[in-house]
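Use the sequences and the hints to build the structure in full.
Protein chains in written order, with the UniProt record's numbering: chain L, 1 to 389; chain Y, 1 to 759.
No lab work stands behind these hints, which were simulated from the structure alone. The beta-carbon is built from N, C-alpha and C at its ideal position, and this holds for glycine as well. Incorrect hints may have been included.
To be verified - Across the chosen pairs, the derived CB separations fall in these ranges:
id, chain 1, residue 1, chain 2, residue 2, range
1, Y, Ser62, L, Gln26, 54 to 60 Å
2, Y, Pro64, L, Pro241, 54 to 60 Å
3, Y, Phe421, L, Arg77, 52 to 58 Å
4, L, Arg34, Y, Asp15, 44 to 50 Å
5, Y, Asp15, L, His380, 40 to 46 Å
6, L, Ala323, Y, Thr76, 56 to 62 Å
7, L, Leu138, Y, His687, 48 to 54 Å
8, L, Met135, Y, Asn555, 39 to 45 Å
Unchecked claim - Facing chain Y, a subset of chain L residues (Cβ under 10 Å, in silico):
id, residue
9, Ser176
10, Gly201
11, Ser221
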Amino acid sequence: EDEDEANGLEAWERAYTEDRSWESLQEDESGLLRPIDTTAIHHAQYRRRLRATARIQKGLIRYLYIVVDLSKAASERDFRPSRMAVIAKQVELFIREFFDQNPLSHVGLVTTKDGVANCLTDLGGSPESHIKALMGKLECSGDASLQNALELVHSNLNQIPSYGHREVLILYSALSTCDPGDLMETIQKCKKSKIRCSVIGLAAEMFICKHLCQETGGTYSVALDESHFKELILEHSPPPPAIAEYATANLIKMGFPQRAAEGSVAICTCHEEAKTGGGYTCPRCKVRVCELPTECRVCGLTLISSPHLARSYHHLFPIVPFAEISPSQNDPNHSFPNTCFGCQQSLLSQGNKAELSVSCPKCKQQFCLDCDMYIHESLHNCPGCESFR
Amino acid sequence: MKFKIEEVTVYFPYDNIYPEQYAYMIELKRTLDAKGHCLLEMPTGTGKTIALLSLITSYTLSKPQSPIKLIYCTRTVHEMEKTLAELRLLHDYMVKCIGPSAKMLALGLSSRKNLCVNNKVLAAENRDSVDAGCRKLTASWVRALAAENPDVPSCEFFEQYERAGSAAVLPPGVYTLQDLRTFGKEKGWCPYFLARHMVQFANVVVYSYQYLLDPKVAAIISKEMQKESVVVFDEAHNIDNVCIEALSVSVRRQTVDGARRNINRMRQEIDKFKATDAGRLRAEYNRLVEGLALRGDLPAADGWLANPALPDDILKEAVPGNIRKAEHFIQVLRRLVQYLEGRLETENVEKENPVSFVFSILNHAGIDQKTLKFCYDRLHSLMMTLEITDTDEFLHVQTICDFATLVGTYARGFSIIIEPFDERMPHIPDPVLQLCCHDASLAIKPVFERFQSVVITSGTLSPIDLYPRLLNFNPVVSRSFTMSLTRDCICPMVLTRGSDQLPVSTKFDMRSDLGVVRNYGRLLLEMASVVPDGIVCFFVSYSYMDGIVNSWNENGILKEIMQHKLVFIETQDVVETTLALDNYRKACDCGRGAIFFSVARGKVAEGIDFDRHYGRLVIMFGVPFQYTLSKILLARLEYLRETFQIKEGDFLTFDALRQAAQCVGRVIRSKADYGMMIFADKRYSRHDKRSKLPGWILSHLRDAHLNLSTDMALHIAREFLRKMAQPYDKTGGTGKKTLLSQEDLDKIVLEGSMNDMLY
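Pasting the structure below:
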């Protein structure tokens, strides 16, 4: 009888049933409703991620194609409001985050629908243009084709210089692929050209995707819900370990253009029109570009600014993971102060019970969990160690 | 790893062991200690085979004063090879640990078709013609001729094997069929006869059920096996049917016609011999008068299928006088065939018991019971005398004699059923006379009596208390093990209603209902859109499958399904089905996705695995009851009720549910695997049906999943698939242990607390 009622629900009621907002609440001892405290879980996950990162050589100059599946399956509504909308939203976030972490890298967008693959944007360094292009093309129909998408990406990535890392990130909604030929051959081709393929599925595990990732050294994951999807896609923003054969030292020619004076007027090469103010001048051919990083349209020089390079630097020298201090170890008689070195907040929670905290193995300063996360994920400098200098 | 179970040191070739494997070994060891029989149910994918092999061989090693032979029976050649491969791994490990004293001889034995290395013989297409081809080259009289006249063809492998005599032995080791062939080719010895010879000396023998259960074959192959043997029947959930088939015969019109041709030919041969070599026929007559054993000291190559009746039931007497002369025997056969043909012409279904059937043979054809009983052996002797080698041509008359001997020997547990046409196609006359055995315990009784321990094991033996009654024995241990899992990797569901909330079932009055057909179609369609890669569907029968696929085709559902996945169908043709399966696998591999339509009780349901992405979901449409109007089934049910007090309903449900469990069990073949199972019939939600499913399925069947409709099942499927796609920790992390290492085991042995680990 329950189902009959469920079927007779009004649309607005159904929104609640599907949203399941009550599941994120729990009752505490006194019967009050509280949101489920997920910080502990989040922190545990974050610690696990941190442990995995040893100091290895990483590919900092990445050429990444994002393949977005816009087949019929992307219109499914098991993600709210639809898989397609969620993908678009997260891709936007991801592209911004990606360029923030990898200023020297390039992204391109490919979509697949109706059994074919289309190149939406070519490899480029400007987040805005990619996002704009994707938002304008959000329509889904037909079947997805993994082979066509891979072939297209393969032909595009084959031309990039050898120091760059070739990567594909496929966001796959469909559960099948409609291919013109033997997909296995294409996978082998990608493997040969050292293209690292990763897939994030939105519905269920598919054998061929798993196979693809295993063969090419990528990762395969399936999203449980929107937040999990976000987490999975953001895992692709830090640079992956470099492939051994490519790990040879390579000199790359780069230009550091100067910012033009405000008020100067020049024709820029990116928009091919006269612009006032801002802009950068290529140090080799003196042509004007609007944004960094980019490649000079005239002489082909890679143009970046020094902060970009500095931002990429931390991937190579990550801060060592902080050691956890269990509350029992951290007794008040100890010489350590009971405040976080970062935010100066007390490390004691209510009732004078010590909370879990961490300490830097180098400078032995204590930090609270929030600062720990902030230091490792955003700051990339340990305040304790820096203050000793 | 090495560990101790009581006083036995068990050698196990892997670094870790599942707790249920350990528990399984303990029970097995107790059975061996008690020298009794046992029934053990353990889900597939938990390593039954290696646990069995490892314990029994280790047990033998620990008791050198009374060596035990292991006879391992499998259903298919494929399983035989898999078992031998595991055994080799174990053997290598044991030799590494203990040294050469652990060496043993283990081999597989199969028919000539699988073992022959003579290309000329192997060219024949089926088993019977390979057998006949071999006989044409190796029969003693052919060889005698060949010795005189080099133009007569003979088999060089067999000749060399004979010449080597007692020197022809296999050195210790583990031999698969392939190894035997390679070894035979290398040495120039016939692998088939070598294997048959070595079976008596081997420590482990792996062969098919028939070699032990079918008296015709068992008397030749397994005669020499010592009493101190452990017999293992693996995948034994259908063992009662195998037993019954071993003692059942059916005679059709073609059989009768063929037998008549055979008799004529024998007649001609006799005339020819009379003219040329009358002495030979006389010699045979004299031999029969003296009542010499018919087979006894015949050379191995002449050995032919033995008497179809069980050894204890064969009379140790001389052949009766009225069939000692070849012409007389031919006359008797002729009358018998005549009589059977007359019976086949009936227009009604007839059912008779053997006693009255024998009596009516006596009245109408003048053949008494004793004569009937000797038919098979007499035919055998005659064919030897006439030096007939193309035995595959004489299958029909063999069937007739087979029938005569069985009907003359057994008065109880059998019945004779004559049907003028197949009930499903009443317009096509296809008369068949069947001698059906109803008592599975008959064929297996000698096995229980002869061997020290018999182990019956499978993934699905529930309800476990029914098997001892069906097979009429007292197990010392009967236990069902569950699977220890790190995550809930199976998701059984009972679907009782379609998307329109109306009940679905394949019950007779509902199965042709258009609403039910459509609901089943929608279910498959919706599932095809959320389940990746492979889906397997089982239907209750071929005719039902044909019907429902047809109507899906008509109302366009099939076309919609095809947009998601390709559809493959099992047919009664083996080659076609193999091809379909091949392409199904390909479609699953390349990501196109596929659905396989198959039939419960078919070939696919029994022997083919749909593990990993080849089967993420299995849908069982309906409850696979046997065709309840079949006369044979009715007769068997009656017999079971009268003899073993098993109620008809109980047996039918048991039989249907073990088939269903077998079907759905195809999807999960290891612990790392995952799969969903949908029982799509409202009858599964009833307790009496559901409770007969094996424990390892039941323990995952949640109450909330007992009464689902299509949309709810869809929701559950989505969630389940997402959950299963997440990476997981194989060892089970911090929770309960599902993989035991050496240290864990040592601890258990010290504390003696196995049960805490398991539950």
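Hints, verified against the model:
1. Between Ser62/Y and Gln26/L the Cβ separation comes to about 57 Å, which falls inside the hinted range of 54 to 60 Å.
2. Between Pro64/Y and Pro241/L, the C-beta spacing of about 55 Å keeps the proposed range 54 to 60 Å intact.
3. For Phe421/Y paired with Arg77/L, a C-beta distance near 55 Å keeps the hint of 52 to 58 Å intact.
4. Checked against the given bound of 44 to 50 Å, the beta carbons of Arg34/L and Asp15/Y, roughly 46 Å apart, stay inside it.
5. The supplied range of 40 to 46 Å is met by Asp15/Y and His380/L, whose beta-carbon atoms lie about 42 Å from each other.
6. Under the hint 56 to 62 Å, the C-beta atoms of Ala323/L and Thr76/Y, about 58 Å apart, fit the expected range.
7. Remark: the range hint 48 to 54 Å for Leu138/L to His687/Y is upheld by a beta-carbon distance near 51 Å.
8. Between Met135/L and Asn555/Y, the C-beta spacing of about 41 Å keeps the proposed range 39 to 45 Å intact.
9. Interface restraint check for Ser176/L: the shortest CB-CB distance to chain Y comes to about 4 Å, inside 10 Å, so the restraint holds.
10. Given the 10 Å rule on beta carbons, the hint for Gly201/L holds: about 7 Å separates it from the nearest Cβ of chain Y.
11. Nearest Cβ of chain Y to the Cβ of Ser221/L: about 8 Å, under the 10 Å cut. The hint holds.
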